[in-house]
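Trainee: Protein chains in written order, with the working numbering: chain A, 1 to 73; chain B, 1001 to 1404.
Incorrect hints may have been included.
[As the list claims (entries may be wrong)] The following label-pair restraints were derived from C-beta to C-beta distances:
no. : chain 1 : residue 1 : chain 2 : residue 2 : range
1   : A       : Tyr65     : B       : Pro1319   : 12 to 22 angstroms
2   : B       : Ile1182   : A       : Ile51     : 16 to 26 angstroms
3   : B       : Leu1126   : A       : Leu66     : 23 to 33 angstroms
4   : A       : Phe62     : B       : Val1336   : 47 to 57 angstroms
5   : A       : Trp3      : B       : Pro1319   : 41 to 51 angstroms
6   : B       : Phe1352   : A       : Trp3      : 20 to 30 angstroms
7   : B       : Lys1035   : A       : Ile68     : 22 to 32 angstroms
[Stated by the list, open to error] To spell it out: a stretch of chain B is covered by chain A in this simulated footprint if at least three of its residues, at any positions, have a beta carbon under 8 angstroms from a beta carbon of chain A; those stretches are:
no. : stretch
8   : 1132-1145
9   : 1221-1227
10  : 1264-1275
No wet-lab data here; the hints were simulated from the structure. Built from N, CA and C at the ideal position, the CB exists for glycine as well.
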Amino acid sequence: MKWLELLTVGGATLVAAVTVVVLYSLGVRLTAIAGDAEQASPGVKRSLAYICFGLCGVAVLFGLYLIIPYFSK
Amino acid sequence: MVALVIALALFFDFTNGFHDTANAMATPIATGAIKPKTAVTLAAILNLVGAFLSTEVAKTVSGGIIREGSDGVQITPDIIFAGLMGAILWNMITWLKGLPSSSSHALFGGLIGAAIAGIGFNSINLESLLQKVILPAIFAPLIAGLVAYICTRLAYALTSRHDPETGSKLTQKRGGFRTGQIFTSSLVALAHGTNDAQKTMGIITLVLIAAGTQDPGSGPEFWVIAACAFAIAIGTYAGGWRIIRTMGSGLTEVKPAQGFAAETSTATAILASSHLGFALSTTQVASGSVIGSGMGRKGTSVRWSMVGKIALGWLFTLPAAGIVGALTALLVKTGVVGVVIAAVAGTAAVLFMFFYSRKSHVGHHNAVEVEEAGQAVRFSKKKGLSRVRAKARATADEQKDTQR
Chain A
1 MKWLELLTVG GATLVAAVTV VVLYSLGVRL TAIAGDAEQA SPGVKRSLAY
51 ICFGLCGVAV LFGLYLIIPY FSK
Chain B
1001 MVALVIALAL FFDFTNGFHD TANAMATPIA TGAIKPKTAV TLAAILNLVG
1051 AFLSTEVAKT VSGGIIREGS DGVQITPDII FAGLMGAILW NMITWLKGLP
1101 SSSSHALFGG LIGAAIAGIG FNSINLESLL QKVILPAIFA PLIAGLVAYI
1151 CTRLAYALTS RHDPETGSKL TQKRGGFRTG QIFTSSLVAL AHGTNDAQKT
1201 MGIITLVLIA AGTQDPGSGP EFWVIAACAF AIAIGTYAGG WRIIRTMGSG
1251 LTEVKPAQGF AAETSTATAI LASSHLGFAL STTQVASGSV IGSGMGRKGT
1301 SVRWSMVGKI ALGWLFTLPA AGIVGALTAL LVKTGVVGVV IAAVAGTAAV
1351 LFMFFYSRKS HVGHHNAVEV EEAGQAVRFS KKKGLSRVRA KARATADEQK
1401 DTQR
């Protein structure tokens, strides 16, 4: 039973951290592309980047929402 | 006695914050993401907020490890006093010797040792101890390390840019991670508050239960939560200045992308564990992440001897603090004289620590514990390596010369 909890912690950590890192990395990547000199539509890339950053923030907030007992009651 | 123990516990909380600011805020300050003053203030505030978030760990400490009340085993404030003293004394010793140790494990060790010496083996809830403290202590750093490794790999894979035609490397533009670090390190500070401040809450609740002012098995009272939250926040704020001073002497090279991955893993691992009531050492999790993310970067090798040294320090803390706690418990058992001796020894240790830190005698070993973990990973740069080899050769030649 306790192994299951341990597994939960491991799984939750993996999923949460990977989500945040992937979203943020995508954002960084897109910003980098948008900053390139010869670029067809930097505006679109940049807004996509901001969406990624935004989603990343939402993921963090959702994680906190799940943890704080005040909300889950 | 109860008041004394509460004061002592709050002081322990303060030192915890004092000690651990570095874990959260060292990297963003080092990479220049935030100004030191802002970073320290932010960490203090987030520790404060984090302490209010959950009480699961506090329940583990107050209700899980030592059987109180119902089983007929009476834990007294004296025992808790002895345990706390054991923890503080052991922390002092390791701190002076520069051994990597976890204040959380010192706390548990001291408490367990004191309970065994003062009451007997049956006072320990072995099953709960194993499940909520020992197993997480072993696995949480491993989980954090593994996740940090995967995250670092992912972060680098996603942001590595090659020219599609020539295949040559473009400028990588990973500067965004520097900004991201502000948020991830804030999360680490928050996570630190949720786990470490709660340990003290648990202790104070345990004292209140032992003194009979609170029902066994109940959670911490609001004033206890508030007091602990403020103690750790003030400690964090106070401790920050020490770290800023150390920062000038340089940190292990951690790239923003790496730091971002490591901090994300640390924060999530701690928060998830706190949620399930696992009491773990934030320092150890952070160290695990740093090692993991170091391994995730290309061209690195791990100094296993260094890792072994750190791991040994971790394993050693619990029994060692237990012995100190047990000795203190035996001392306290002898009566008032024993209590006075223990109190005087503890106060002396604390005062010594205070003046010692006042002398601005800050080395890497006591300011940034995660630093040890950083040193365990070696970045094998070709240039650096050849230089080192050349140096080694030169000194070898010199030795030969002198031998002749």
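Trainee: Mind checking the hinted window 41 to 51 angstroms against the Cβ distance between A/Trp3 and B/Pro1319?
Mentor: violated, 24 angstroms
Trainee: At the C-beta level, are B/Leu1126 and A/Leu66 separated by a distance inside 23 to 33 angstroms?
Mentor: holds, 31 angstroms
Trainee: Is it true that the C-beta distance of A/Phe62 to B/Val1336 lies inside 47 to 57 angstroms, as the hint says?
Mentor: Holds: the Cβ-Cβ distance is about 55 angstroms, inside 47 to 57 angstroms.
Trainee: How does the Cβ-Cβ distance of A/Tyr65 and B/Pro1319 compare with 12 to 22 angstroms: does it lie in that range?
Mentor: violated, 39 angstroms
Trainee: Within the assertion that chain A covers the stretch 1132-1145 of chain B, do at least three residues meet a Cβ-to-Cβ distance smaller than 8 angstroms?
Mentor: Held - the stretch 1132-1145 of chain B has 6 residues with a Cβ nearer than 8 angstroms to chain A, which meets the minimum of three.
Trainee: Given a hint of 20 to 30 angstroms, does the C-beta separation of B/Phe1352 and A/Trp3 actually sit inside it?
Mentor: Violated - the Cβ-Cβ distance for B/Phe1352 and A/Trp3, about 43 angstroms, lies outside 20 to 30 angstroms.
Trainee: May I ask you to test the hint 16 to 26 angstroms on the CB atoms belonging to B/Ile1182 and A/Ile51?
Mentor: holds, 20 angstroms
Trainee: For the stretch 1264-1275 of chain B, count the residues whose Cβ lies under 8 angstroms from any Cβ of chain A; is that count three or more?
Mentor: holds (count 9)
Trainee: Do B/Lys1035 and A/Ile68 keep their Cβ atoms within the hinted range of 22 to 32 angstroms?
Mentor: At 29 angstroms between Cβs, range holds.
Trainee: Please check whether the stretch 1221-1227 of chain B has three or more residues whose CB lies within less than 8 angstroms of a CB on chain A.
Mentor: This one is violated; 0 residues, fewer than the three required, reach chain A with a Cβ under 8 angstroms.
The structure is inconsistent with the numbered hints 1, 5, 6, 9, although it conforms to all the rest.
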